[in-house]
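Number of protein chains: 4
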Amino acid sequence: MATQANSVPHPTLISVDPFVPADQQKGIHNRWHPDIPAFATVKPGQTFKLEIVDWTGAQIGNNDNSDDVKNVDLTKIHNLTGPVAVDGAEPGDCLVVDILDVRPFDKMPWGYTGIFELENGGGLFAREFNSRAAKAIWDLDGVYATSRHIPGVRFAGVSHPGLIGTAPSAELLATWNKREGELIAAHANSIPPVAFPPEPKGAYVGQDNIPEEVRNKIYAEGARTVPGREHGGNCDIKNLSRGSRCYFPVFVQGANLSVGDLHFSQGDGEISFCGAIEMAGIVTLRTSIIKGGIEKFGLKNPIFLPSPVDPMYSAKLIFEGISVDLHGDGKQYNMDATVAYKQAALNAIDYLMKIGYTREQAYLLLSAAPVESHVGAIVDSPNACVTLGIPIGIFEHDILPKEEGLVKKDFGQCAIRSDGVV
Amino acid sequence: MATQANSVPHPTLISVDPFVPADQQKGIHNRWHPDIPAFATVKPGQTFKLEIVDWTGAQIGNNDNSDDVKNVDLTKIHNLTGPVAVDGAEPGDCLVVDILDVRPFDKMPWGYTGIFELENGGGLFAREFNSRAAKAIWDLDGVYATSRHIPGVRFAGVSHPGLIGTAPSAELLATWNKREGELIAAHANSIPPVAFPPEPKGAYVGQDNIPEEVRNKIYAEGARTVPGREHGGNCDIKNLSRGSRCYFPVFVQGANLSVGDLHFSQGDGEISFCGAIEMAGIVTLRTSIIKGGIEKFGLKNPIFLPSPVDPMYSAKLIFEGISVDLHGDGKQYNMDATVAYKQAALNAIDYLMKIGYTREQAYLLLSAAPVESHVGAIVDSPNACVTLGIPIGIFEHDILPKEEGLVKKDFGQCAIRSDGVV
Amino acid sequence: MATQANSVPHPTLISVDPFVPADQQKGIHNRWHPDIPAFATVKPGQTFKLEIVDWTGAQIGNNDNSDDVKNVDLTKIHNLTGPVAVDGAEPGDCLVVDILDVRPFDKMPWGYTGIFELENGGGLFAREFNSRAAKAIWDLDGVYATSRHIPGVRFAGVSHPGLIGTAPSAELLATWNKREGELIAAHANSIPPVAFPPEPKGAYVGQDNIPEEVRNKIYAEGARTVPGREHGGNCDIKNLSRGSRCYFPVFVQGANLSVGDLHFSQGDGEISFCGAIEMAGIVTLRTSIIKGGIEKFGLKNPIFLPSPVDPMYSAKLIFEGISVDLHGDGKQYNMDATVAYKQAALNAIDYLMKIGYTREQAYLLLSAAPVESHVGAIVDSPNACVTLGIPIGIFEHDILPKEEGLVKKDFGQCAIRSDGVV
Amino acid sequence: MATQANSVPHPTLISVDPFVPADQQKGIHNRWHPDIPAFATVKPGQTFKLEIVDWTGAQIGNNDNSDDVKNVDLTKIHNLTGPVAVDGAEPGDCLVVDILDVRPFDKMPWGYTGIFELENGGGLFAREFNSRAAKAIWDLDGVYATSRHIPGVRFAGVSHPGLIGTAPSAELLATWNKREGELIAAHANSIPPVAFPPEPKGAYVGQDNIPEEVRNKIYAEGARTVPGREHGGNCDIKNLSRGSRCYFPVFVQGANLSVGDLHFSQGDGEISFCGAIEMAGIVTLRTSIIKGGIEKFGLKNPIFLPSPVDPMYSAKLIFEGISVDLHGDGKQYNMDATVAYKQAALNAIDYLMKIGYTREQAYLLLSAAPVESHVGAIVDSPNACVTLGIPIGIFEHDILPKEEGLVKKDFGQCAIRSDGVV
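Chains A, B, C and D, in that order, give the protein sequences.
Residues in the first sequence are numbered from 1 upward in steps of one, following the numbering used here.
Residues in the second sequence are numbered from 423 upward in steps of one, following the numbering used here.
Residues in the third sequence are numbered from 845 upward in steps of one, following the numbering used here.
Residues in the fourth sequence are numbered from 1267 upward in steps of one, following the numbering used here.
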């Protein structure tokens, strides 16, 4: 018969508490550095779990104003669980990671999506909208999310770690800091900043027994976690979801995999920056090693196989954008897919406002829902063309264009600052 | 019983011959201008067909060298069938177009994909590859394409018009010419050019009875057809395919719809510029009008509903790219999705070369096959992240990463120049 | 340049006229018999076309009453184009057939779905409904079908030959006639009949030069075309559609493939018997031979790979049925999937009637639309459970269950008999 | 910040221990009867969890022989968690149930699929195979299942409750017992039995405070749980999965919903009877009530909307079956979809045996994997045609038909009886 004895749970290698500030917990770090020691070790082929705090490390609450978003401390973000060393992994290898499951803690069945202040975090439209803090709390009910702050929608999440990667070698880290430093230098005083240099303030490695000089070195040199890079990192690819298989390059002995920034759901682009449904939770992983895989597969970046259980919403309403700033001064850009993406998103936001959502709700919804954005064409000079498709099936009512026009409903407003500024 | 009398075919409003140069045929034009008269008129609700030459107007042949691509006359491209006026359409309306079918001529069951010379047409990697002319001829067998120049693959086409749009008003045309002229001025002598100004040479409107002064005006001012713009145009969106429903803004009396540049198939991005499987053929359309639709739906660009019969290849191998030029000088770009797209594509090309395709074959294949490119994240400063997914099911053999590495087969080479230069 | 010389159309091996009675045309036959000579021959690897009359051979017209359905001559049905011999195919081989395209004649862009009289053809609910003739004419607009007789729906067709198969050997034919004869004997005078024995009346092979004694033998012994059998035949599998690859067993020299009964669309089950959207049209095929394939793959029946371009309607409303006659006398059947299917279909018909369709319209719609029926469970004694899913996206309005109940619209009625009997 | 206070977990209404025999636990019952009191109550709109033992109530172990399957006590099966009363539900209403999640216990990450003995449980091929007990243990790793007993496959589960339903009224229960009793009487001594009459032995309701006479009545009259019926029940519909929305008829005050028989995965048909991946686990549900819904929607059986996160395996190898017993005596059946299903399944089993699986492994695999079975056609007298499609992507190697034939690998054998009898 079924017994406890013949039922072996998958081990949880690192446990965390989602209600305790990240910098008070073990097995968490928030910078990338080769000298951060592995906190746990696994053998290839072993299924294991990691518990993960939300990306801010418990800074955001389940409530109805956005003051916590306004005041978020961004030096303490992307609290990663790890590193986990994989027995036998060596520089030059490929680390195959099966992302077997991603789910919220049972004790915390909610997540949030935030719009950050222009001066504290920004986002894709931080300048266009002169962004003020806003947020939506999402209730997580099994595979679905709904929000009291964005009524009228319900969707299945394409749950994934926004951030997953192997540790950089010293050489790779130096390359990152150099190239990003040059960009920062070229855009001094940009608001929001174009990139983030190493910053000891807020840096954290939740391990004892790290010699002070090593810790200082890590904090002084450690790469910030915001961008995706050659090792993976904060790619925020929604389809790196539960059920996907990912191939990462290995740069240090043991590979030293770290994971964080769990998303219950996210749209392509994650436009509001804190744009996914951010959550704390648990990932289930299995790894294997392909010796010499970097060379075998030409891995300059990770590659992956998507999951067969990603949500299927086949009917979509699709918006186009071209690299002309039609929502601004009408300027013509030169084959700029970022501009084209932004125009497609602004077209979608305008449409959502015509059916009754506020600009803030629309911005949050495009960030969090399983929106798909394709690069349509990128050779038709001078206009890149990017599309953004909203699944029709996530809405409780029919949003399609009709001869009689669109019905504007009243969906209220999302959570805003306690001082009422939007 | 079934009789000819009770079987009314859908009328072909404009007929062309795919084997005759476009500038010798009626009902074709290759510039956008409000003064081009409608060549045919339909009532809303009527199903009709348009015949369409390939985008070069018969300049490319079904043969095994690329000299025709090398010498293509680009002043004579994007030969559009139309304009077709829709009874009752007025500026400010939305023209709903059902793209009911797109197929090649029975008498011409082939298409082509070309890499253009750096100095004559270019393409996404024109400079990186110092492109020389190359091409692949595709045999079109019902829903499938195969190529003697790219063995080992077969795929179902997501057939669509690369180019479809309404006529611009005089004001809109002036806006286009102004903004693109400024871009050209800012990038003088760029190779390939960043944009194309009006050019009387090669301009063509296949209609008699146009007063000479009007014709001269059209040729002098007419916008070139290369980019997609507010009216649709050369968007090269692969999912604007047979079965889709599109909503276009109307800028002139009658809307004056024109269609061209049929693609049997195309990957997101259409990277080699002549990157789709270009074909001549027949579209079947139906239109309706939504009065005041521009205002009702906030149409700054077309919007559309994709087709339920687009090919479904659920298993993919996905490559990531970030806005760092890892295939070049390692430079860090600032949230540049175009750079990220290029890196993802270069990662894919490298991989395809490891399994045996030449760089030219890989470039053509990514352009023509139903490849999907998503904007992963566009807020993680400084790195945009773009993915490019190749459907696994289009290959005759298994291309997935294996522990033993990749097997390099010999697929020969695509069609190249008769002088052997690649 | 593109020329007629370098553009070789796929050859049409057999041409027919959809407006001429089938029994006045060459290259058509309506019985299965090994002695029917091949009418055309192809080499493996060659792409070719076959033209095909509608299954009744032009007996049904595009009009608004169902008298032609009432009076259809069922001894003259399933007019097949062929046989086509494949060079080198021998008994024991597997004939691989790529169904590359299936489309209506340009000159006949319509099809029909019929309910047959109880006494002349029947159908799944012939007895339950005491069926009287009814029909719907469908307009075929590219990938879509709509009907003036069933307003409110539009759907993409999963186009396929209802009937495709290789010729039987003499031994196989004898087996068929024996086993079906025994069934007929066991159900004498059943209305509608449980099966159809060989019948010289109406038998037809459109070839000259067949010796009279051979022709008489064919007509006397030839198997009727109604059921699917080991060789394929009238399987009416909607997913044997354009883009699919099928593996047929070969029983005679040359395989002798015949094709007929084209369907623009069909639901799983094809419940009204003439339940697909029946059409005349053109198939494009390619074949190859696998020597000894029957043994290699254990082919007792054909196997196939479905098409990547089958319509994708992911959202469905699904009805369950169990093997209890809840719509009739409440009788309990023993694990009978046919009864369960019927109950699911009757549940669906009732639902469609609640939103305003007549029973006849509902019956026709379930037959013709891309409805999916799954065998849920077939081991839970005594109840088989079968599901039937209607795609939501084919309706112009929302049909989902709502708190306020269902809105009953007026959709008129389909085409019925001129005497008004339904 | 995130706190325990603002994080309210979904309540678990009924808890069970998967390692304790079901008949020693509270909140479990294994018969259907209107007099079983509700064990818990919820308000409409509340998200809640139920814990559920495996269908045998811990009789089967994670080990490598099938003796436990051989000796399973079938009077004690389908241990349901519940009933749960929904506030306000009344007879005639429709109970809408959102199946929000279905997952195994973290402490029991495994499940099993069993072949039952001919004389103890049976299964679809119990007589054809003279079935002896066999089983496969599946490791559940996040969304995937693999088995040491069936190497070479890995698939994502379409997780669902095999059994979910509302309580019958006294009248409905009487109808069930009458009609099934008649069937049993008509097939006396059938092995395996055609149906199961009420049976006090093994009957169980895990609630105190039930008056003895009521308990005796429940045990004497209570309907067995094997078949699906009007109220839902053991439908074993794989797509009634997490993410689906189901509409049940209500027959008693409070609706009294019960759930059991969780399946990590199942193929259409669940052919080996214990054919799903049976597991213990947790469901997350939410309910709402539509007053008078039975009449509004014509609910003779439940209807449902499938989940957007069901696994998507688009490429399949599809087997056909017709209602002729080609694997047996060649007998012709009359439009019998059950026979056709069986033939399709036998064709698939033969094919799987050609690539190296044993008959037992093939039988178990078809039962457990996300196999799709469609009713192709059910009107082509005398042959029903049913298809069964195996997803290609679940295999680690290529199983498609090849010119060179199929490669037969060695996959060992599944778990069999300790006496070695198969």
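Keep in mind that the hints were calculated from the coordinates and are not lab data.
All residues carry an ideal CB built from backbone N, CA and C; glycine is no exception.
Errors might be hidden in some of the hints.
[To be verified] DSSO-like, lysine-lysine: derived pairs with alpha carbons at most 30 Å apart:
(1) C:Lys1175 - D:Lys1675
(2) B:Lys738 - B:Lys713
(3) D:Lys1675 - C:Lys1135
(4) D:Lys1342 - B:Lys830
[Said to hold, decoys possible] Simulated coverage check for chain B against chain A, where a stretch passes if three residues somewhere in it have a Cβ under 8 Å from a Cβ of chain A:
(5) 609-618
(6) 652-666
[Stated by the list, open to error] The calculated label-pair distances, taken between Cβ atoms and stated as ranges, are:
(7) C:Gly889 - B:Arg549: 39 to 45 Å
(8) B:Asp751 - A:Ser190: 21 to 27 Å
(9) B:Pro433 - C:Ser1034: 56 to 62 Å
Against the structure, the hints:
no.	hint	result
1	C:Lys1175 - D:Lys1675	48 Å, violated
2	B:Lys738 - B:Lys713	42 Å, violated
3	D:Lys1675 - C:Lys1135	22 Å, holds
4	D:Lys1342 - B:Lys830	58 Å, violated
5	609-618	holds (count 6)
6	652-666	holds (count 7)
7	C:Gly889 - B:Arg549: 39 to 45 Å	41 Å, holds
8	B:Asp751 - A:Ser190: 21 to 27 Å	23 Å, holds
9	B:Pro433 - C:Ser1034: 56 to 62 Å	49 Å, violated
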